[in-house]
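As you go down the protein sequences, you meet chains W and A in turn. Numbering of the first sequence is given in the UniProt record's numbering, commencing with residue 1 and proceeding in unit increments. Numbering of the second sequence is given in the UniProt record's numbering, commencing with residue 1 and proceeding in unit increments.
Don't take each hint at face value.
Here are the simulated EDC-like pairs of lysine to aspartate or glutamate, each with C-alpha atoms no more than 20 Å apart in a straight line [unchecked claim]: (1) W:301 to W:236; (2) A:715 to A:687; (3) W:301 to W:340; (4) W:354 to A:39; (5) W:354 to A:126; (6) A:330 to A:276.
Bear in mind the hints are in silico, worked out from the structure with no lab data behind them. On a predicted model such as this, the values are computed, not experimentally measured, just so you know.
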Amino acid sequence: MTANTVHFRVGNGDMHLVEMEGGRKLLIDINARQPGPDVPDVIAQLRKRLQRDIHGRLCIDGFLLTHPDQDHCRGLREHFHLGPPETWSKALDKIVIREMWSSPIVFRRAGRDHALCDDADAWACEARRRVRRYRERGVGTDGERIIILGEDVDGKTDDLRQILVKADEEFSTICGVPGQFKGRLIAPMPASDDDEDEFLSKNNSSVILGLALQADGYADASRFLFGGDAEVGIWEKVWNRNKSRKHVLEYDVLVAPHHCSWHSLSWDSWSDYGEDAEVSADARDALGQARSGAEVLASSKPIKDDDIDPPCIRAKREYKAIVAPHGGTFTCVADRSGTDPYEIEVTYAGHKPKRPTVPAAVAVATGIGAAPLPHG
Amino acid sequence: MPRAVARALRLIGLHPSVRGVESHVDTGTGATMATVQIDANLPARWRVRGHSDNGVRAVEPVTMAFWPEYPSREPYIVLREDFDRSHPHLQPRGPNFRPEPCLVFGSVRELLQSRGVIGLVDQLAEWVERAALVRLNDPAGGWEVTRRDGVHDVVVLGADWLRSLPNRDAGCDGYGFGYAAIREDGGPETYRALLSDIRHSLSQRDCAWQVELVPNEGRYGFGLALVAWSGRTASGEPFIAGRYLPETVVDMASLHARAEALGCGEPLRAKLGLLEGRLRNRRFKHPQPCVVILLARRPFDLVGSNSPIEICPYVIELQGNDELGPGSAKPVRLAAAHEQVTPSLMRTASGGDATGSARWTLLGCGSVGSKIATHMMRCGRGPTRFVDSAPMRPHNFARHALFPAGNWEQHQGGGKASLLAESLIGFSDGLSALTADVAIAATDPVKAANVFGPDADFVVNATGSLAVRESLSLPHAASRRPRCVETCLLGAGRVAYMAVEGPSANPSCADLAAEAYRLLGSDDAVAAAVFGPEAAAASISIGQGCSSLTFPMTDAHLSAMTAPMAVALGRLHAGGLPGDRGEILIGIGADDGLGQSWTRHEILPCIEVAAASERGPGIRVSTRVDALIAREVASQPGSETGGIVVGRYSEVTDTFHVVDVLPAPPDSRFSAEEFVLGVEGLADLIDGLIERNGGALYPLGTWHNHLVTSGPSSKDVATALKLATEQAFPLLMLIHTPGGYQSLTTEVVAGPKTGVPLEEAA
Chain W
1 MTANTVHFRV
11 GNGDMHLVEM
21 EGGRKLLIDI
31 NARQPGPDVP
41 DVIAQLRKRL
51 QRDIHGRLCI
61 DGFLLTHPDQ
71 DHCRGLREHF
81 HLGPPETWSK
91 ALDKIVIREM
101 WSSPIVFRRA
111 GRDHALCDDA
121 DAWACEARRR
131 VRRYRERGVG
141 TDGERIIILG
151 EDVDGKTDDL
161 RQILVKADEE
171 FSTICGVPGQ
181 FKGRLIAPMP
191 ASDDDEDEFL
201 SKNNSSVILG
211 LALQADGYAD
221 ASRFLFGGDA
231 EVGIWEKVWN
241 RNKSRKHVLE
251 YDVLVAPHHC
261 SWHSLSWDSW
271 SDYGEDAEVS
281 ADARDALGQA
291 RSGAEVLASS
301 KPIKDDDIDP
311 PCIRAKREYK
321 AIVAPHGGTF
331 TCVADRSGTD
341 PYEIEVTYAG
351 HKPKRPTVPA
361 AVAVATGIGA
371 APLPHG
Chain A
1 MPRAVARALR
11 LIGLHPSVRG
21 VESHVDTGTG
31 ATMATVQIDA
41 NLPARWRVRG
51 HSDNGVRAVE
61 PVTMAFWPEY
71 PSREPYIVLR
81 EDFDRSHPHL
91 QPRGPNFRPE
101 PCLVFGSVRE
111 LLQSRGVIGL
121 VDQLAEWVER
131 AALVRLNDPA
141 GGWEVTRRDG
151 VHDVVVLGAD
161 WLRSLPNRDA
171 GCDGYGFGYA
181 AIREDGGPET
191 YRALLSDIRH
201 SLSQRDCAWQ
211 VELVPNEGRY
221 GFGLALVAWS
231 GRTASGEPFI
241 AGRYLPETVV
251 DMASLHARAE
261 ALGCGEPLRA
271 KLGLLEGRLR
281 NRRFKHPQPC
291 VVILLARRPF
301 DLVGSNSPIE
311 ICPYVIELQG
321 NDELGPGSAK
331 PVRLAAAHEQ
341 VTPSLMRTAS
351 GGDATGSARW
361 TLLGCGSVGS
371 KIATHMMRCG
381 RGPTRFVDSA
391 PMRPHNFARH
401 ALFPAGNWEQ
411 HQGGGKASLL
421 AESLIGFSDG
431 LSALTADVAI
441 AATDPVKAAN
451 VFGPDADFVV
461 NATGSLAVRE
471 SLSLPHAASR
481 RPRCVETCLL
491 GAGRVAYMAV
501 EGPSANPSCA
511 DLAAEAYRLL
521 GSDDAVAAAV
531 FGPEAAAASI
541 SIGQGCSSLT
551 FPMTDAHLSA
561 MTAPMAVALG
571 RLHAGGLPGD
581 RGEILIGIGA
591 DDGLGQSWTR
601 HEILPCIEVA
611 AASERGPGIR
621 VSTRVDALIA
631 REVASQPGSE
641 TGGIVVGRYS
651 EVTDTFHVVD
661 VLPAPPDSRF
671 SAEEFVLGVE
681 GLADLIDGLI
691 ERNGGALYPL
701 GTWHNHLVTS
711 GPSSKDVATA
721 LKLATEQAFP
731 LLMLIHTPGG
741 YQSLTTEVVA
751 GPKTGVPLEE
761 AA
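Based on the provided sequences and hints, a complete structural model is requested.
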């Protein structure tokens with residue numbers, strides 16, 4: 001048995017599905033835009049990969065929202081059931097989230113720098129409902145479960161021990177059962193003073209998660225590092241906190257943070273400084289612990305040689321330089337033709353992209369109709 | 001280069017897994033030899049170092065030979081000479097050929113035609129990618145059986161039986177086999193051996209083999225097969241042959257080494273030593289085959305099997321004075337193991353699961369019964385006992401599963417049961433047949449037990465006989481016999497009917513038949529087909545003095561209607577009969593015979609209403625009728641109400657089967673004291689009911705309720721007696737009370753003019 005990961009084509013956004021050995025499925029962020037000619041129906045693609053429970057409800061075992069930005073939670077209210085599981089409606093047929101994986105930012109009030117979009121607000125509301133339920137009645141059943149990734153300030157999460165994963169802690173259960181993975185929470189880290197707390201409460205509240213996936217019975221067949229939208233300052237902190245045990249930052253697959261943004265590697269603006277922009281050595285080290293054959297994956301639009309950021313061509317070059325000594329590769333989810341998601345299979349010998357196959361339609365492909373054809 | 005080949009090479013080059021194509025035309029053969037570089041899509045760690053653990057390269061060169069006949073003939077695809085030959089998914093071609101991938105479970109030629117050369121390369125890329133990841137010790141995928149190149153002979157064997165031989169200790173036993181040594185098309189002589197489960201003692205007498213020579217055909221005879229298996233290790237655990245080794249046996253020395261590696265070296269050596277002694281000073285005129293079968297216990301189940309025991313057969317040609325010890329260079333050939341026809345093989349080939357071990361008896365070996373038995377046998381779930389009362393008649397062959405023999409044999413006749421059992425004996429051992437009249441036998445407990453067989457879990461009544469159905473429902477028969485499934489065709493084959501009794505024959509076959517009549521009556525066309533005059537007119541009698549009534553229809557039509565019942569029966573056999581209810585399946589054929597629609601009805605157990613007197617008729621009320629009555633009673637609170645009960649009365653079992661109710665006419669009167677059944681429109685309603693279902697269902701009497709739990713009133717008795725004089729069978733009066741049903745049955749048995757009630761009870 002292998003594990004698989006599915007990386008949906010959501011432009012500059014994130015949406016990843018981790019299918020663990022044993023069948024448990026973890027969704028990491030969604031960015032469900034209105035489907036159109038260039039926008040695949042990622043929800044339909046997702047639904048095809050999910051199973052229904054005995055009540056006929058389509059379910060996802062875990063849903064990790066790395067941070068409450070629109071491009072990471074767009075479509076939540078429309079496509080996911082929020083509220084007690086018994087209020088699920090067959091007519092609406094929304095996806096049930098058995099277990100929410102949430103950062104503690106849901107406990108913060110929205111502020112000037114922390115305005116939540118409606119979907120993020122709905123996530124926070126549902127997360128607080130589930131935490132409230134836990135406080136009243138203990139760990140809930142599927143559809144009521146939640147785990148909080150990271151401590152909040154002022155001891156707000158101290159009473160949540162059973163559902164709390166602190167920074168640097170490892171965990172391996174999903175929906176209360178072993179999930180054939182080992183997760184390590186790298187961030188958010190506890191804030192050390194008020195200023196830092198303010199800094200962390202913004203975009204930088206992103207969950208950074210290392211996920212060692214089991215395949216064919218091998219516990220650490222491939223290690224994935226999901227960085228959300230964490231920016232350079234966070235990666236510097238991550239390095240300083242972990243440089244004495246840098247193996248915890250090792251990866252076989254790195255989902256390049258913030259859609260392959262230069263801001264995760266440098267304090268300098270790419271559009272302002274261009275090639276003069278300097279890389280932060282600490283951030284590069286934090287993102288540079290590539291294993292042999294590692295792959296850096298950009299969940300973004302196609303990366304062009306221009307001054308746009310994200311995705312940033314300079315960041316791509318930097319990542320390619322990181323993996324080159326290890327025989328690694330760099331891939332953008334948007335690289336392949338078509339609308340199918342980019343899929344990775346994890347075997348006992350490491351990960352590999354799913355081999356592109358040739359659909360039957362190719363054999364009868366024709367150039368007729370693609371452009372005007374003059375006939376004299 | 002032919003245009004089609006050039007086109008193919010261009011397309012191959014465009015495939016996303018192809019890294020390069022080089023080609024040249026072999027002037028000698030005219031073939032285009034192409035070397036295609038296939039990206040093996042290795043996982044990250046192997047990709048970096050350039051090869052997988054088993055040596056598959058990151059980019060594998062594959063040779064594709066396109067013959068001039070391409071694309072009528074598929075390209076010949078081979079791997080590089082040094083590709084790992086222990087890979088299990090290579091064609092067994094032998095060391096003189098380049099390794100050839102086993103690309104598809106089927107024909108490469110067909111794949112080429114269906115998906116084109118692109119599809120072929122797709123499959124090839126998939127094969128190379130998987131080849132890198134093959135692990136021979138993967139519990140989830142199963143143990144790969146040893147790949148054996150150059151298999152020469154065939155041993156036909158019962159795999160399940162062989163796998164049952166190993167016990168706790170290592171051992172080796174001798175068994176007999178029959179063989180044919182045949183030379184085909186000038187090729188080498190090969191043995192085809194059929195292994196039996198009859199022990200061979202290796203005595204001098206057993207080893208005195210005879211040969212029969214048939215000119216231009218071959219040699220036939222019997223031989224000795226030695227079957228050896230492993231036992232326990234020093235620590236008491238079962239010996240496991242956990243290392244995958246390619247086949248290496250070529251002579252006695254390597255056979256002994258192989259047996260040693262599989263944990264059965266010692267017992268095999270002992271038996272071969274004994275055999276060597278028996279052969280001393282003997283000389284065979286013709287080679288005498290000896291089969292050796294090593295049973296290797298693997299760490300987990302083999303691929304596509306539910307057993308961890310791998311069967312490895314070999315053939316030794318004995319000449320007399322043979323050296324059979326571990327130092328002998330006497331050649332040993334590899335033999336293929338072909339499974340005997342067994343129920344287990346039939347189940348596997350039918351794609352069904354292995355569950356279900358119920359034994360069942362077929363009652364009625366006519367056209368429907370023989371078809372169902374054959375279908376069931378072919379999926380490994382056939383009956384073990386066959387019962388029929390009739391001999392096979394010439395006209396039966398129009399639709400029977402059996403084929404007519406020569407004229408002389410046709411004159412001989414023979415019971416349908418024994419003829420059918422004999423024809424199916426090759427599928428399964430231990431079939432028995434009985435010629436008996438089921439309807440009569442069911443009335444006698446001893447005879448009935450003999451008909452059903454001593455260990456039947458259920459019986460299938462395919463007699464199409466109302467008499468058999470009724471007698472199976474006799475109280476003393478129903479309480480002792482196995483559960484019954486009834487199958488038959490109705491309405492000139494337009495309708496197929498299958499009924500599955502509930503536990504303890506509730507609902508019984510008779511209950512289910514009455515329910516089915518109600519269900520069939522609800523559709524005009526179906527009712528006309530089943531109950532209408534056409535159904536009766538369509539039956540013909542064949543042959544003078546032959547009482548057989550049968551419907552004219554083709555074998556194809558009968559088979560089409562019968563096959564779904566075998567499908568349903570197969571599922572019941574696999575999953576068990578329903579635990580708490582009965583079931584009716586009705587299939588209705590399209591007018592043009594080209595379609596069917598099937599409906600399934602779950603039937604809950606009937607309510608058995610206590611008879612009003614000890615010898616009074618049985619009363620069985622369907623749960624549906626019970627619910628209808630309860631609803632009507634609830635709608636008239638504080639008042640009595642009632643109606644007409646509809647169903648069947650069985651003379652054989654003296655039982656009412658109540659399956660429907662007719663409402664009280666509008667002029668009925670309802671009060672707390674009495675319910676008076678009116679007459680308005682009732683006669684027409686009853687006439688319509690009877691006309692509609694040809695008299696299969698009819699009014700049995702009346703029902704009404706009492707507001708308190710009480711038996712029949714004097715008014716009730718008077719009414720019942722009055723009605724009884726008008727009825728040709730007993731009259732049922734059903735009384736619904738808060739404490740359950742009460743009943744009253746009355747019957748007049750003297751002349752109609754006297755009107756004297758024979759039996760009344762309250």
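We went through each hint and held it up to the structure:
| no. | hint | result |
| --- | --- | --- |
| 1 | W:301 to W:236 | 26 Å, violated |
| 2 | A:715 to A:687 | 27 Å, violated |
| 3 | W:301 to W:340 | 14 Å, holds |
| 4 | W:354 to A:39 | 12 Å, holds |
| 5 | W:354 to A:126 | 11 Å, holds |
| 6 | A:330 to A:276 | 12 Å, holds |
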